[in-house]
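The listed protein sequences derive, respectively, from chains A and B. Just so you know, we're using this note's numbering here: the first sequence kicks off at 294 and counts up by one. Just so you know, we're using this note's numbering here: the second sequence kicks off at 42 and counts up by one.
I should point out that these hints are in silico values taken from the structure, not numbers from a laboratory. No residue lacks a Cβ here, since even glycine has one placed at the ideal position from N, Cα and C. Check the hints yourself; a few may be wrong.
Reference excerpt, derived from the structure (chain B facing chain A, CB under 7 Å, subset only) [as the list claims (entries may be wrong)]:
| no. | residue |
| --- | --- |
| 1 | Glu60 |
| 2 | Asp62 |
| 3 | Asp69 |
| 4 | Pro101 |
| 5 | Leu103 |
| 6 | Arg105 |
| 7 | Phe186 |
| 8 | Leu888 |
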Amino acid sequence: MGKGDHLGELEHLVMLALLQLGDEAYGMSVRREIDERTDRDVAIGSVYATLERLEAKGFVRSRVSGPRAESGGRARKYFEITLEGGRALAQSRENLRRMTEGLAVDARLESL
Amino acid sequence: MSHVPPRLARALLRLTTPEVDREFLVSDLDEEFEQRVAKGASLRAARVWYWRQVVSSVVPGLLRRLGSIAALLHRDQVAWEIRVGLRRALRRPIFHAVVIATLGVGVATAIAMFSIVDTVLLRPLPYTHTSRLVSVWHRAPGWGFEYLNQTFATFFTYRAENRVFEEMGLWDEVPVTITGRGDPERVRAIAVTSGTLRLLGVKAALGRTFTEADDEPDAPLTVVLDHGYWLRSLGGEPDVVGRTLTVSGRQAEVIGVLPADFRFLSIDADVFYPFQVDPLMLRGVGGFGVQAVARLREGVTREQAIADLDRMVPMAFERYAAGGSFEGAQTLGLGGNLMALEDEVVGDIGTILWVLLAAAGLVLLVTCANVANLFLVQGEGRRVEMAVRTALGGGRARISRQLLLEGLVVGSAGAMVGMLLARFSLVALRSREPWYLPRFEELALRPSAVALAGLLAVVATLAVAAASHRPVAESGVASTLGEAGRSGAGPLRRRVRAALVVAQLALATVLVVGAGLMVRSARELLVVDPGFTEPETLLAFRISVPSAEARDEVAALLLEQILGRVQAVPGVASAGISSSVTMDRWDDNSSIYVRDRPLAAGQSPTPRAVKFVSEGYFETMGNEVLHGRAIAWSDIHQRRRVGVVTENFTREYWAAPQDALGRLIAESESGPWYEIVGVVGDVQDDGLDREPTPVVYWPLVRRTADGRTDAPTSVGFAVRSPRVSEAGFLAEIREAVWDIDPKLAVASAQTGTELISSWLARRTLTLSLLIAAASLAVFLAVIGVYAVVSYMIVSRTREIGLRMALGASKGTLYGMVVRNALLLGAAGSGIGLLGAVGVTRLMSALLYGVSPLDAPTYLVSGVALLAVTILASWIPARRAVDIDPAEALRWN
C-alpha cells in the first residue's frame, strides 16, 4: 500500500462515523456524530474537506438526493464507504492491533 | 418568525467553500442552525455557534480551493495541456504575435518611463547623508532674487561663524585650458574648496582628494581628475597620480582620480582644482558669483539654518564691505536661503517626467484595452468550438484552465518582450548622453521596474483569460449551439466591447491633444526672434587667454589679432567678439546706474546682463543697430567711454528708444560714466521661452577710473559664413587661431542652430515622446475600432444579406456601418476632449504661447479622431458591401 492509502486521524474518525450512520451519513450528521461521541468539535469545512479527500482516494462515494420536503427543497449529499475504503479501514485497525500486541496499553498509560 | 443565520457569516462561508460542495455545506449548516434554535438554544448562542463554524471552516475551504490549483500544476496532464495550448497558439501566429507585440510595447513604455522617474526623481542622490545636503544661497527680494549666489566674503564668514552646518564647501564652474599634451584642450573644470568634495562623501579611486593644505593660497596647485576624463585624455595611465599638468599656464600636480560613478551635481566636469583664495586678501564683499554647498548638522531644520544665515549676513558686510556697513544691503532684504541638493540637481524636470509617466500609463491602458478587446472578439469566434468541446465532455474546468494557460503564455511573453524593449531603450537613451536629463548616467532597469513588469504580466494574464472566458461561460452549451447562438453577441458583451473601444478612443484623444499643444508650443518658440539671424550660417566658439600667457592690454591685442586672422579665413563674411555670445549660457551681470534716473534713498540698482564687444559683433549676429551706431575699434583703442544698449533697456527708462542716445550709464554710483551711442534689437539671451533680457554692451577693452585696463580674457567669437556646416571649416578656424597663438584652445564650438536647440532640448524630448505616445495610442485605437466593426459585420451577416436581398443600396449599407463607427468615435473623442480639459492643466508649465484649453487644438484633435474612426471602419464596410446575399442568408 502506498503512502496515500493510510488514513489520517480525522479520516479515520470520519470513516467510522460513516459506518455508524449508514444511510444517513451526510456532512452535518457526520460532524454531529463525531462531536457527540468524542467531544471533538470539528468544523463542518474540515468534514467536507476530509470527505473530498477520501472520495479522491476512492474510499468513499457520494450520491446526491433529490429535493427533500424537510429542507425546503434543498438537495443533500450522502456519503458511504466503498469496498476499497473498507479494506483501508480494516488495515488501519490491523495496524493498531499489531502495534499494541503484547502491550498493556492502559497500564502503561496509567503509569506515566 | 424565521430564524436566519448571520448573513455576513453565510457570505464568508460561500466565498471560501469550493463550488462542488457549496450548496450542501451551506444548507447543512443552516439546517443545524435551525434545529439548535428549535431545540431551545438562544438565538444568540446559535449565531455564535454558526460564526465559529464558519470561521473554522475558512482555512480548510481555502486550502481545498488552493489545493486544486496546486494539484493542477502537479499533474502530467497540465504539461500536455501546455503543449496543446502552445500548438494552438502557433496555429494562429499572427494573432498571438500581434497581441504579444502590443502588450510588449505597452509594458515597455510603462516600465521604461517608470525607470526614468525612479532614477531621476525617486532615488536619493548617490552621496552620503543626502537628506542633509543643501545648497546655500541668499535671498534678495529687493533685487527680485529668490536665490542669489554667494561671494567669497560671505562664504568665508558663514563657514567660520555658522552653528548649523557640519561642513561647507564652495564651488564654481571655471573652465581651464590644459596644454603641453598635444593640442591645447579646453576642459570643464570646477573650482572648489577642500570641503566641497569632502562633504559629498566621495572617496578617490586613485590617490586622494583635497585637504585644507591644498586650499592655502601659496600652496602648490593640485588637481583631481574625473574618471572619464582620465580614461579619455590620459589613456587611463595607472601612474597618473604625481604627474604634472599645465593648467591654464600653471603647473599642477595630479593628486587623485575620482570613482567612475561619481558626478558632481549635474555637471559633467573633467577636472577639479582648489580656489586657493586668501580670505585676508578680499576687498569688498564682492560679486555674487560662486555657489556653496553644505551638510546640515543632524536634527537642524531648514528654518533654523536660514535663521542662522540671516544672522551671519550682516557679519559678512561688517567684515569685508568698504565702510563696514550692512545698511545698503539691508534694504535689499538680503538674507539666507537653502535648497535641498536633490532639488538643485534634478531641477524642474520633475513636471516633465510626471507628465511623461502619465502618458506612458495611458498608453499601457490603451494597450490592455486593445488586448482584452482582441481576445473578446477571438473568444466570440471560438464560442461554438468551446460549446462543442463542452458537449463532448471537455469539462468547464478544463476549458477554463486552458484559457488561463493561454492568457499566461501571452501575458508573460508580452511582459518579457516589454522588459527587453525597455532595457534596450534605456541603454540607447543613456548612450546618447542626454545632458538635459539629470542623473542620466544612472539610468538602468531597476528591480522595481522588473517587479512592475511581473505584476503587469499577471494582470494581463488574468485580464486576457477573463476576456476569453466570458463568451464561453455566459451562454450555456445548448444555447450556443442552438438558435440563440446564431445571432452572435449578447447585448452585455456588445456593450462591454463598445465601452472598451470608446475608452481607447478617449485615451488616444487625450494624448493627441497633449501632443498637439506641445507641437503648437514648439512652433511658437521657433518663431521667436532669438536676436540673431540665419542660425545655420553662424558659428560661435570660446577662447580663453590664461593670465600666465598674457594679461590686460597684451591679451586684448592678442584677441584682436586672432579676430583679424579669423576674418581672413576663406568664406568668412564677418566675425566679432563678445564676452558672451547670445544664448551661449555665459553670463556676466553688473549693477547699472542711469545718470538721469537717480535712485531713491535705500533703493538698489538693478543688475543687468553686460557684454564686452568688439567691432563687427552686431553685424555678424545680424542684430540691427536701430538707433545711433555700434561700437568701433577706434572706441576700443582710444578707451572711449561709450556703450550700446538693447531696445527693451531703453523702454524701461525713456519714452522712445532714441531718447537713450547721449544718456549716461555706469557700473557704480560715482562713475565713470559711459555715453549710450547706440540701440540694438532685443536678444533672447536666456532662452526662447522668456522675455528678452535687457543687455548693456561695453567696448571690449575699457579703462577703469584709476587707469587700469579692464578686459575679459575669456570671450566668445561669432563668425558668419555660409561654410559653417562644412566638415573642415572648424579646423580652418582652429588653424587660424593657432597661427597667432598655438597655446590657445578653441572651445564650445556651436552653430547658431545648436545654440537654439540646446535651449529647446528638454522640450524637444518631451514633444517627441508625446508624439510617439499619441501615435501609438491612435494606432491601437484604430486596431480596436477595426476589430469591433469587423466583428459586428460578421455577426450581422445574415441581417446584411437580408437587407441586400430586399433591395438596400450599397450606400445604405456603408452608411449603416459608418454610422455605428461614428457613434463610437464621437463618444470616444467627446469623452477624451473632456478628459483632456482636466489633464492638460497639469502640463501648463511646459506650454509656451498656447493655453491648455486652446480651442483649435481641441477641435482638430476631435475631428482627427473621428476621421480616423471612419477610416478604420472603411475596410470592414467594403467587406459588408461585398457580401453575397444568397450566401449570407444561408450563413449560420
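> What hint numbers does the structure not satisfy?
Replying inline: The structure conflicts with hints 1, 5, 7 and 8, although it agrees with all the remaining ones.
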